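Chemist: Residues per chain, in single letters:
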Amino acid sequence: MIGHDVAAIKTEGLTKHYDDVKALIDLTVTVDQGEVFGFLGPNGAGKTTTIRTILDEIRPTSGLAWILGMDCHDQSVEIRHQLGYLPADLALYPNMTARSLLTYFANLRGGVDWTYVEELAERLDSDLDRRLEDLSSGNRQKVGLIQAFMNRPRLLVMDEPSAGLDPIMQRELQTMMREVAAEGRTVFLSSHALGEVQRVADRVGIIRAGRLVALETVADLRAKALRRIEFTFERPPDASMFNGVPGVRDVTADNRHLVVSFDGTMQALLAALHDGNRLIDISTEDADLDEIFLTYYRGDGAHRDPARSNERDRAEAEAVG
Amino acid sequence: MMLVEVFAKTLVDRWRAMTIGSMVLGLMFLGAMAAYRTIDISVYTSLPEAMLSMMNVPADADVASLAYGAVFTTYGALTLAGLAIAAGSAAIAGEERSGTIGLLLANPISRANVVMSKAASMALLTTFGAVILWVAGRVSPLILDVSTAGIHIEALILHLLINALFYGFLAWAIGAWTGRRGLAAGMSSAVMIIGLVAAGVLPLIKGWEDLARLFPWYYFAHSSPQLNGVDVGHLAVLTAGVVGFVAIGIVGVDRRDLRDRTAGVSLLDRVRANPLVQRLVGRRLGRAWVSSITVKTMSDHQILAIVVGAVMFLLMGLAMGPMYSAMSTELLEMADTLPEELLALVGGEDMSTPEGFYQAETFSMMAPIATIAIAAAMGGRALAGEEADRTMGLLLASPISRTRVVLEKTLAMTAMTVGVGAVIFAGVMGGSWISDLGMNAANVAATSALATLLGLLFGAVTLALSAATGRVALSVYTSVGLALALYLMNAFFPLSDQLAGWARWSPFYYYLTDNPLVAGMPWGHGAVLVALTVVPVLAAVALFNRRDLRQG
Numbered sequence: 001m002i003g004h005d006v007a008a009i010k011t012e013g014l015t016k017h018y019d020d021v022k023a024l025i026d027l028t029v030t031v032d033q034g035e036v037f038g039f040l041g042p043n044g045a046g047k048t049t050t051i052r053t054i055l056d057e058i059r060p061t062s063g064l065a066w067i068l069g070m071d072c073h074d075q076s077v078e079i080r081h082q083l084g085y086l087p088a089d090l091a092l093y094p095n096m097t098a099r100s101l102l103t104y105f106a107n108l109r110g111g112v113d114w115t116y117v118e119e120l121a122e123r124l125d126s127d128l129d130r131r132l133e134d135l136s137s138g139n140r141q142k143v144g145l146i147q148a149f150m151n152r153p154r155l156l157v158m159d160e161p162s163a164g165l166d167p168i169m170q171r172e173l174q175t176m177m178r179e180v181a182a183e184g185r186t187v188f189l190s191s192h193a194l195g196e197v198q199r200v201a202d203r204v205g206i207i208r209a210g211r212l213v214a215l216e217t218v219a220d221l222r223a224k225a226l227r228r229i230e231f232t233f234e235r236p237p238d239a240s241m242f243n244g245v246p247g248v249r250d251v252t253a254d255n256r257h258l259v260v261s262f263d264g265t266m267q268a269l270l271a272a273l274h275d276g277n278r279l280i281d282i283s284t285e286d287a288d289l290d291e292i293f294l295t296y297y298r299g300d301g302a303h304r305d306p307a308r309s310n311e312r313d314r315a316e317a318e319a320v321g
Numbered sequence: 001m002m003l004v005e006v007f008a009k010t011l012v013d014r015w016r017a018m019t020i021g022s023m024v025l026g027l028m029f030l031g032a033m034a035a036y037r038t039i040d041i042s043v044y045t046s047l048p049e050a051m052l053s054m055m056n057v058p059a060d061a062d063v064a065s066l067a068y069g070a071v072f073t074t075y076g077a078l079t080l081a082g083l084a085i086a087a088g089s090a091a092i093a094g095e096e097r098s099g100t101i102g103l104l105l106a107n108p109i110s111r112a113n114v115v116m117s118k119a120a121s122m123a124l125l126t127t128f129g130a131v132i133l134w135v136a137g138r139v140s141p142l143i144l145d146v147s148t149a150g151i152h153i154e155a156l157i158l159h160l161l162i163n164a165l166f167y168g169f170l171a172w173a174i175g176a177w178t179g180r181r182g183l184a185a186g187m188s189s190a191v192m193i194i195g196l197v198a199a200g201v202l203p204l205i206k207g208w209e210d211l212a213r214l215f216p217w218y219y220f221a222h223s224s225p226q227l228n229g230v231d232v233g234h235l236a237v238l239t240a241g242v243v244g245f246v247a248i249g250i251v252g253v254d255r256r257d258l259r260d261r262t263a264g265v266s267l268l269d270r271v272r273a274n275p276l277v278q279r280l281v282g283r284r285l286g287r288a289w290v291s292s293i294t295v296k297t298m299s300d301h302q303i304l305a306i307v308v309g310a311v312m313f314l315l316m317g318l319a320m321g322p323m324y325s326a327m328s329t330e331l332l333e334m335a336d337t338l339p340e341e342l343l344a345l346v347g348g349e350d351m352s353t354p355e356g357f358y359q360a361e362t363f364s365m366m367a368p369i370a371t372i373a374i375a376a377a378m379g380g381r382a383l384a385g386e387e388a389d390r391t392m393g394l395l396l397a398s399p400i401s402r403t404r405v406v407l408e409k410t411l412a413m414t415a416m417t418v419g420v421g422a423v424i425f426a427g428v429m430g431g432s433w434i435s436d437l438g439m440n441a442a443n444v445a446a447t448s449a450l451a452t453l454l455g456l457l458f459g460a461v462t463l464a465l466s467a468a469t470g471r472v473a474l475s476v477y478t479s480v481g482l483a484l485a486l487y488l489m490n491a492f493f494p495l496s497d498q499l500a501g502w503a504r505w506s507p508f509y510y511y512l513t514d515n516p517l518v519a520g521m522p523w524g525h526g527a528v529l530v531a532l533t534v535v536p537v538l539a540a541v542a543l544f545n546r547r548d549l550r551q552g
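Chains A and B supply the protein sequences, listed in that same order.
Those letters in the first sequence? Residues 1 to 321, by the numbering used here.
Those letters in the second sequence? Residues 1 to 552, by the numbering used here.
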């Protein structure tokens with residue numbers, strides 16, 4: 001029996017080169033049991049390469065990896081007894097019904113608790129008796145999710161799991177991931193969407209151009225999260241009203257709109273609103289991953305003081321990318 | 001109007017198979033001509049004229065006419081037509097299967113334009129293959145210093161080309177009409193193979209001679225253009241067929257819904273999904289299909305197995321008994337008078353005995369084609385197919401080792417090939433029983449078993465290639481090309497004293513050389529085939545274990 005003290009996933013210097021392409025460079029990371037670990041990075045950063053390497057689909061150029069204390073290559077079959085996996089860009093056997101597909105994979109595992117499968121199907125609103133080729137990509141994704149969850153794995157590895165899901169199902173999936181973690185099991189969630197990872201993960205690793213550039217708790221990341229906040233006023237506002245508010249990076253005025261780049265506390269920003277100009281609307285959006293990266297991290301993963309972020313850093317960062 | 005881009009891309013996608021297939025054939029032509037050159041062909045002149053015409057050999061046979069007749073008119077025609085079928089069936093149905101058709105047709109081009117561009121590239125590729133054969137046909141006599149006086153090689157190549165285009169366009173039209181690549185390739189191949197058999201056997205039967213005209217292969221097989229020059233009438237029949245197929249294809253592709261990534265959904269799947277069938281068969285059997293990798297893999301290839309099995313059982317098995325009985329007595333008597341050594345020398349079988357007839361019609365070519373077809377198809381798709389369909393990652397997320405995946409897939413391939421072998425046995429015994437030919441069951445079983453082993457051998461080679469590379473087409477084309485070369489090697493090298501020893505390097509040597517239909521199981525030869533099969537399977541396990549999986 002695997003103890004609860006061993007890491008769910010542990011890698012040391014994991015590196016994968018495809019011919020001359022360095023897809024993954026010197027990844028050292030530890031994912032604890034019982035957490036949802038967000039693996040965040042733009043397209044082509046090396047997320048899928050990492051997953052395929054630790055699951056023994058492809059072999060590392062150098063470095064080591066363990067899952068639940070077992071060597072990813074030598075004990076790959078034992079590992080997969082404890083594993084649930086949802087690949088990126090999911091493909092299923094189109095000529096089967098969802099039920100026969102799930103039966104097939106259940107048989108390969110030596111059986112699963114079928115009442116749990118039905119429960120999952122109900123939660124995800126999935127019709128198991130239709131042929132997979134007749135399902136939309138979102139509905140196929142649900143079948144893939146049921147398949148990943150159905151054996152109550154110790155480790156759940158999911159590569160872009162919300163692809164094709166509508167927002168309600170995305171929420172349901174996030175709830176399901178939290179439940180897995182609450183039971184002491186582990187979720188390794190690969191995603192390019194910052195919002196999704198922030199909502200569900202405990203810790204986040206950010207990967208870019210094959211390198212892990214940051215490893216943070218979501219709380220820390222959130223504190224850094226740069227937001228764009230747009231105020232709409234009744235009359236063209238005074239652009240200087242936010243001067244001196246901590247966390248304000250940039251203010252641009254456009255007729256009745258004021259757009260603020262901001263990473264401080266909301267309280268301070270709202271307190272700065274004054275004069276008789278009526279506020280009509282506030283909208284905020286998360287800065288995208290690239291923006292955060294460029295603002296906070298360099299290629300070596302060292303923390304940067306955001307205030308000193310300037311064009312030179314930007315150029316350096318792009319050289320790394 | 002033609003779309004240059006679609007035309008060019010299709011050429012780039014497919015030229016390799018065509019080049020390799022034609023080159024193999026060209027080289028084997030050189031080998032066959034070399035073999036014929038070394039034998040004393042005066043034996044032919046001692047044969048009765050009826051026999052010569054049956055073997056498609058002119059009365060004043062010389063080395064060149066024998067070589068062209070033997071290599072090009074059967075193997076050359078089958079290979080070129082087979083390659084045309086592969087290109088034709090992939091034309092538009094292939095894009096639907098891979099799910100790229102939507103993207104292609106998002107461009108401002110009509111469906112008719114796309115299918116016609118694909119047809120043009122298929123025609124050009126086939127012409128290219130024919131040109132390679134033409135070069136081989138012209139160069140080989142120069143190398144070997146053989147006279148080609150009186151041989152109409154250009155006429156022969158033209159007939160080969162038009163014949164291949166007929167089947168290529170047939171496959172293209174079926175693919176355009178249905179969007180099903182497997183159906184297009186399967187139906188066209190069936191039309192070709194059944195026609196080949198019918199055009200060969202029916203004219204031997206008194207009163208049935210004219211029935212052969214119903215089969216398209218007749219208009220190739222009964223022209224002998226290498227001797228008689230271009231047969232305008234026969235070419236006109238085949239060309240009319242091509243024109244008809246073009247019309248069918250253009251109408252067909254415009255009238256229907258395009259399909260989207262419909263890999264592997266077969267008629268049987270639809271039948272099984274039918275609620276009535278489900279009730280009849282019950283959930284139990286439905287679950288049995290997915291009980292293991294082996295069973296699921298077998299179920300994935302059931303259509304091919306059923307088609308191949310049905311052709312072998314009904315046509316090559318059952319029907320051959322009555323055909324033998326119906327053969328004209330003169331032919332039998334004439335064949336009876338021939339000394340057996342002579343027959344062996346000219347590569348013919350003694351068709352006067354039921355064993356000789358079945359060997360010539362069923363076992364010499366069709367049975368290996370059937371077993372190799374099923375085994376190579378399964379060996380190629382077993383591993384590489386799941387990678388191409390991007391399901392291998394999911395499969396290997398289950399707690400099963402790669403070794404077990406390879407072995408279960410091998411088991412499935414073995415079971416299906418053995419099934420086809422058993423059907424061949426049953427068909428031949430059935431034919432023998434119907435016509436009261438009294439063939440020896442043990443000997444028929446031995447020969448069927450050897451055919452099965454031969455199929456498994458090339459299936460295992462395909463499996464090893466698919467394990468090593470993860471590429472379906474590469475694996476299947478390579479091993480089928482290898483099978484063709486080795487077949488021809490065994491067929492022609494024994495004609496020459498100098499080359500005869502080399503025939504032992506072909507696995508086909510260990511199949512019929514010892515006449516198992518008459519003499520029973522040659523256990524040593526069987527053991528050689530088994531050993532040759534085990535090696536690539538072990539290689540497949542090792543190669544698949546050490547490789548990165550492809551991502552589709």
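Rather than coming from a laboratory, the hints here were simulated on the basis of the structure.
Computed from a prediction, not measured in an experiment: that's the story for all the values here.
Wrong hints could be hidden among the right ones.
[Said to hold, decoys possible] Just a sample of chain A residues kept apart from chain B, beta carbon distances all over 12 Å, derived:
#: 1; residue: G3
#: 2; residue: G13
#: 3; residue: K22
#: 4; residue: D32
#: 5; residue: I51
#: 6; residue: E57
#: 7; residue: I58
#: 8; residue: Q174
#: 9; residue: K224
#: 10; residue: R235
#: 11; residue: E285
[Claimed, not checked] The following label-pair restraints were derived from C-beta to C-beta distances:
#: 12; chain 1: A; residue 1: A223; chain 2: B; residue 2: L538; range: 56 to 66 Å
#: 13; chain 1: A; residue 1: D129; chain 2: B; residue 2: R404; range: 55 to 65 Å
#: 14; chain 1: B; residue 1: S401; chain 2: A; residue 2: R222; range: 23 to 33 Å
For each residue, glycine too, the CB sits at the ideal point set by N, CA and C.
Chemist: Would you mind marking each hint as holding or not holding in the structure?
Modeler: Structure-based check of each hint:
Residue placement check: G3 of chain A keeps its beta carbon more than 12 Å from all beta carbons of chain B (closest about 20 Å). For G13 of chain A, the condition that its CB be more than 12 Å from all CB atoms of chain B holds, with the nearest at approximately 19 Å. K22 of chain A, annotated as away from the interface, keeps every beta carbon of chain B farther than 12 Å; the closest lies near 15 Å. Distance check for D32 of chain A against chain B: the nearest CB is about 22 Å away, which clears 12 Å, and the non-interface claim stands.
Once the 12 Å rule is applied to beta carbons, I51 of chain A is inconsistent with being away from chain B; the minimum gap is 9 Å. Residue placement check: E57 of chain A does not keep its beta carbon more than 12 Å from all beta carbons of chain B (closest about 4 Å). The Cβ of I58 of chain A does not lie farther than 12 Å from every Cβ of chain B; its closest approach is about 4 Å, which violates its non-interface assignment. For Q174 of chain A, the requirement that its beta carbon stay farther than 12 Å from each beta carbon of chain B is met, with the minimum near 22 Å.
Residue-level check passed: K224 of chain A sits 33 Å from the nearest beta carbon of chain B, beyond 12 Å. For R235 of chain A, the condition that its CB be more than 12 Å from all CB atoms of chain B holds, with the nearest at approximately 47 Å. Taking the minimum C-beta to C-beta distance to chain B, about 31 Å, the non-interface status of E285 of chain A holds against the 12 Å cut. For the pair A223 of chain A and L538 of chain B, the beta carbons lie near 58 Å from each other, so the given range of 56 to 66 Å is met.
In this structure the hint that D129 of chain A and R404 of chain B lie 55 to 65 Å apart at CB is violated, the actual value being about 30 Å. Checked against the hint of 23 to 33 Å, the pair S401 of chain B and R222 of chain A fails, with Cβ atoms roughly 43 Å apart.
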